[in-house]
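Enquirer: Sequence:
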Amino acid sequence: MKADTNEQALLKGLANNDSKAIETIYRDNFNTIQAFILNNNGSYDDARDIFQEAMIALYEKAQSESFVLTCQIKTYVYSICRRLWLKRLQQLGRYSNQVDSLEETIPVEEDLENHEKRNAAFAIMDRAMNSLGEPCKSLLEGYYLKKMGMQELAREFGYTNADNAKNQKYKCLMRLKKLFFTQYNIGE
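For the sequence shown, position 135 (counting from the first letter as 1) is numbered 136 according to the working numbering, and the numbering increases by one without interruption.
The set of hints was computed from the structure by calculation and includes no laboratory data.
One thing to keep in mind: the hints can contain errors.
[Unchecked claim] Lysine-lysine pairs mimicking DSS-like chemistry, simulated, CA-CA at most 30 angstroms apart:
1. K147 to K170
2. K148 to K179
3. K147 to K118
4. K88 to K172
5. K118 to K138
6. K148 to K138
7. K138 to K88
8. K167 to K148
9. K118 to K88
10. K13 to K75
11. K118 to K148
12. K148 to K172
13. K75 to K88
14. K170 to K138
15. K148 to K178
[To be verified] If you anchor each label on the Cβ, the simulated ranges turn out as follows:
16. S67 to G134: 55 to 61 angstroms
17. T161 to Q91: 50 to 56 angstroms
18. L93 to M151: 19 to 25 angstroms
19. G150 to K178: 21 to 27 angstroms
20. L39 to D164: 34 to 40 angstroms
21. R119 to R49: 17 to 23 angstroms
22. S20 to Q152: 22 to 28 angstroms
23. E24 to R176: 19 to 25 angstroms
24. N18 to A122: 17 to 23 angstroms
25. L146 to K13: 44 to 50 angstroms
26. A10 to N168: 57 to 63 angstroms
27. S20 to E66: 21 to 27 angstroms
28. I57 to Y171: 51 to 57 angstroms
We put the beta carbon where it would ideally sit given N, CA and C, even for glycine.
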């Protein structure tokens with residue numbers, strides 16, 4: 002598969018130091034790389050460093066006359082960043098497998114697709130939580146995110162006992178589930 006005309010124009014712009022092309026590549030790809038690195042024992046600074054290294058590699062390739070991009074830029078950048086990050090983890094002793102054997106586990110396109118699906122599901126969950134309303138939103142956040150116990154939730158929300166808080170949490174969870182799957186099924 003050859004990269005489309007727009008992607009070729011971006012590569013040409015990158016090779017010519019066109020700030021709009023660089024900004025477009027950054028805007029279209031950095032958040033995915035940041036999420037990948039944050040989800041794999043990294044920090045925001047790690048994500049910036051790895052992305053910068055990938056941009057330098059892409060810039061050098063784009064300047065080469067013999068370079069032919071055979072996939073989308075986002076796939077190429079993601080594969081470079083993934084490989085660089087896994088090497089860094091291995092150097093830090095946080096990843097034990099051989100980096101060379103990683104290519105056999107999950108193809109980059111499949112990994113990127115899974116990552117995008119997970120991000121879409123998180124966005125749907127966020128919208129569902131925001132449309133849930135109070136006190137359900139705060140009750141579920143208290144239980145699942147703040148790890149509050151039922152007694153503590155009962156006190157916080159004015160329920161007479163932990164069982165009432167538990168029943169309300171269950172009702173809220175069922176409402177959230179319904180909202181999530183309604184939006185999730187529309188998105189498919």
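Enquirer: Go through the numbered hints given earlier and state which of them the structure violates, listing their numbers in rising order.
Expert: Going through the list in order, the structure violates hints 4, 7, 18, 22, 23 and 24 and respects the others.
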